[in-house]
Amino acid sequence: MRRIAGIVLAVVLIGGVVAAVVAGRQGEDTGTATKTVRAVIGSEKAEFFADPDVVKALAAKGYTVEAETSGSWAMEGLDLKGYDLAFPSSQAPAVELAERYEVRGTLPRPFYSPLVVVAHRAAAEVLAGNGLASLDAEHRGTLRMGAYLDAARDDRTWQQLKGADRHGELSGTLFISSTDPKTSNSGALYLAAASYVANGGRVVASEADLDRTAPLLRKLVTVQGAQQTGSDAVFRDFVSGAGNPLVLVYESQVASLLAGGQQPGDLVVLYPDTTVNSDHTVVALTGNGKALAELLGSDPALRQLAVRHGFRPQGAAVGFASATTYLKQELTGVRQAPVPTSEVLHEMARRARG
Amino acid sequence: MRRRGLAVALAAVTVLTAACTAREEPAAPRTPGVPGPAEPGTLRVLASSELSDMTPVLERIGKDTGITVRPVYMGTLDAVDLLAKGRADGAYDAVWLSSNDYLRLRPDAARKVVSETPVMTSPVAVGVRTATVRALGWKPADVTWSQVEKAVRDGRLTYGMTDPARSNSGFAALVSVASALSGAQSALSDDDVTKATPRLEEFFRGQKLTSGSSGWLASAYRRRGNVDALLNYESVLKGIPGLTVIRPRDGVVTADYPLSTLASSSAATREDVRRLTEALRSPEAQRDITRRTHRRPVVASVPPAPGLDTGRRRELPFPGSRSVADGLLDAYENKLRRPSRTVYVLDTSGSMEGDRLDGLKSALTGLTGDFRDREEVTLMPFGSRVKSVRTHVVDPARPRQGLDAIRADTARLTAEGETAIYTSLEKAYDHLGTDRDTFTSIVLMTDGENTTGAEAGQFEDFYERLPRERAEIPVFPILFGDSDRAELEHIAELTGGRLFDARQGSLDGAFEEIRGYQ
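As they're listed, the protein sequences go chains A and B.
Throughout the first sequence, residue numbering follows this note's numbering, covering -16 to 337 in sequence.
Throughout the second sequence, residue numbering follows this note's numbering, covering 499 to 1016 in sequence.
The following block holds chain A by itself, in its conformation from the complex (with noise of 0.2 Å):
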């Protein structure tokens, strides 16, 4: 039964086609010969292999990456044959790759990014005086997500938040803006942040946990009505000053934001203090494939110019520079909740968009 519902899914997934970005950047000095790397990747790293630096740091480590982009989630549904490497944008579609095509040993994860949530000050003063929030930096704070789901739990709206009637704009239930959790990773991985907080601080795995938390997913979800498939387009409507007071989307989009030069203007970034992190994880098909994952964690030029797309690389503390009052520098105080399973967490998406 499961089962079909995630054949289901994986054919409705939005990006259920591959389109290819880069084809590697044509009369760069390359220099010497050099090894072509065909690559699945999700979107969000589209740029960050379309950047000429990067296409220079790994030429000068002897490669070309062919990237094409697909929804992590539909990955599954793609024949990867004469692919070198799969990169979706967390674990648990990376694990399910890794299964059918027979990858065995630990997934190299080069970089990560969790999971954060934008909010305009006034929405996130009104938050802290409420203590669903703290802040401790003039653009950066920690968002309670138990208090937070409680509010949910309890239909809370904005009216009845101490201090928001000063704010015209801030009315209505309160509500995260995700993405489509069906369609979209950011979207699902939000469920998955919730429902381990609303488990008890335990990853749903069983059936029960699945009907225990139903309903309130659910809710998060109904809540929004029309949801967008991408974390792009959520972030880009924020960004112009429309949409939903309080919005989740990638740490990296923030980070690359502000790596840009952009102002965000009164933009507060508020760190679930439990979230869950994309885990940018490599599904190598081949030796090139490995070889490859194994620059990306490695190399200092490359993990350099992850930073400035705003990844995080494993291992390391990142200096997001210029960035510190919107960003942690370290995801101290920040638990990181297990993913379910790609199964679990296909259903958790079912029941809660309907």
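Please keep in mind that the hints were generated in silico from the structure rather than gathered at the bench.
One thing to keep in mind: the hints can contain errors.
As the list claims (entries may be wrong) - Residues from chain B that keep clear of chain A, each with C-beta distances beyond 10 Å, as calculated:
| no. | residue |
| --- | --- |
| 1 | Pro533 |
| 2 | Asp562 |
| 3 | Gly564 |
| 4 | Thr566 |
| 5 | Gly584 |
| 6 | Pro621 |
| 7 | Glu700 |
| 8 | Asn832 |
| 9 | Leu964 |
| 10 | Asp982 |
What the hints assert, rightly or not - Quick look at which bits of chain A chain B covers, simulated, 3 or more residues with Cβ under 8 Å:
| no. | region |
| --- | --- |
| 11 | 146 to 159 |
| 12 | 212 to 219 |
| 13 | 244 to 257 |
For each residue, glycine too, the CB sits at the ideal point set by N, CA and C.
Use these hints to put chain B onto chain A, whose structure you have.
Positioned in the frame of chain A, the structure of chain B alone reads:
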């Protein structure tokens, strides 16, 4: 959505008529309504008609990127239907609607989209005549939907909006109004819609203008002079002089114009779409967009154009299920809005004999699938004079009865006699009193020139002498067969209507497109 099936299918191939009284209308593509064959460097884009104002921006980008955009404009619902049925596969290279909110509610259409990237935003707003704002004592920054509702209820505010079933701006306005007036704190549910129905009915009594497009709405508003406000996107309203643009404080629905790639297109095509998107999101293009079109940029480094108030507004959630969205549309068409009342003045002169008459019969019969509850339809076939006047009302309790009667009358049409256009039009005006609270209009279908009865000049005199309420009734002429474009254009202009062209498309398409104006 009851009784829309055939209509939608027809609308999908509807011809977009460029030649009309509304000059803001998009220019027709080479063959109207047809995207044409694929060409390298050219993107065939299925687009919302509001995007016609992007032409200069796209031209500039075309010079830099070598990518030419060839748009085919279509209403959101029709575009989504086209996608869902797979008819956009291979015919279009990208989709660019005001919003993908409705598209997402149709999994069969959503599946066709690979990726979507918002390019700019514009919220639904209320544009109110500045004198009316003063008379109402409103402070534009503080006005709420409830205040707008109260002004409508007190008879102090009338307004126009586009048809939600055909235009995205109308649909977004409908969702805004329903969400705000229902008191719903989160995404609308079926219950919310039911509960809000009495208030919504009252609110929509204030709607005095309807239109299938934002362009014609603006010109009809200017011409009428006695409508106080328009509901539309902020970007459209900012382009109309004399309006104070109000974004209600208690919430708006915002269009974010996502440029979307299609699964059916090749990787190379999607790469072109991605390049176009990137170019549109460059700071220079974003500055150009906000300055020219009054839309808001999606890039933090570019501020909105001067005059676009940056105060925040609550975003009203768009319904999350198709049943709610379609239920709301159905309620609007069949219950909430003022009913329409139309006289079809139909040329059945001798020259209509054969294929032409058959075409007319089949088009009219098809149209009966789209008539709304409470709608009054009068068939007035003419030759040397008006042959008969038959009026039917679609009774919500027994809709079949009225529709069957229209079909039966249609089947009995015969071709005979000369062509008395003006005499028949005068008769239509005489028939239409202003006793009922309806959207009233006349459709004129003719395949030839006026050959008998009153002359053009006589009709002009007749029209000038009409009392104001009756002179507000527009004539929508349809160019067909050997009819004279100049003659029909003049009638449209004189009466504040709009010309539709069935010569390049089909009679079905023209009839269907006019529905948005009735």
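**Message:** For B:Leu964, is the shortest CB-to-CB distance to chain A above 10 Å, so the non-interface label stands?
**Reply:** Fine: 45 Å to the nearest Cβ keeps B:Leu964 off the interface.
**Prompt:** B:Asp562: least C-beta distance to chain A exceeds 10 Å?
**Reply:** holds, 18 Å
**Asked** Would B:Asn832 pass as off the interface with chain A, using Cβ distances and a cut of 10 Å?
**Response** holds, 23 Å
**Message:** For the region 146 to 159 of chain A, count the residues whose Cβ lies under 8 Å from any Cβ of chain B; is that count three or more?
**Reply:** As far as the region 146 to 159 of chain A goes, the hint holds, because 8 residues have Cβ atoms under 8 Å from chain B.
**Message:** So B:Glu700 supposedly isn't at the interface. Is its beta-carbon more than 10 Å from every beta-carbon in chain A?
**Reply:** holds, 23 Å
**Message:** Please check whether the beta-carbon of B:Gly564 is more than 10 Å away from every beta-carbon in chain A.
**Reply:** Per Cβ check, B:Gly564 is outside 10 Å of chain A; nearest 17 Å; holds.
**Prompt:** Do three or more residues from the region 212 to 219 of chain A put their C-beta atoms closer than 8 Å to C-beta atoms of chain B?
**Reply:** holds (count 5)
**Item:** Verdict on chain B covering the region 244 to 257 of chain A, where coverage means 3 or more residues with a C-beta closer than 8 Å
**Value:** holds (count 5)
**Message:** Verify this label for me: B:Thr566 is non-interface relative to chain A, using a Cβ-Cβ cutoff of 10 Å.
**Reply:** holds, 21 Å
**Prompt:** Are all C-beta atoms of chain A more than 10 Å from that of B:Asp982?
**Reply:** holds, 47 Å
**Request:** Run the C-beta distances from B:Pro621 to all of chain A and say if the shortest one exceeds 10 Å.
**Result:** violated, 7 Å
**Request:** Evaluate the condition: distance from the CB of B:Gly584 to the nearest CB of chain A exceeds 10 Å.
**Result:** B:Gly584 is indeed farther than 10 Å from all Cβ atoms of chain A, at 14 Å.
Of the numbered hints stated above, the single one contradicted by the structure is hint 6.
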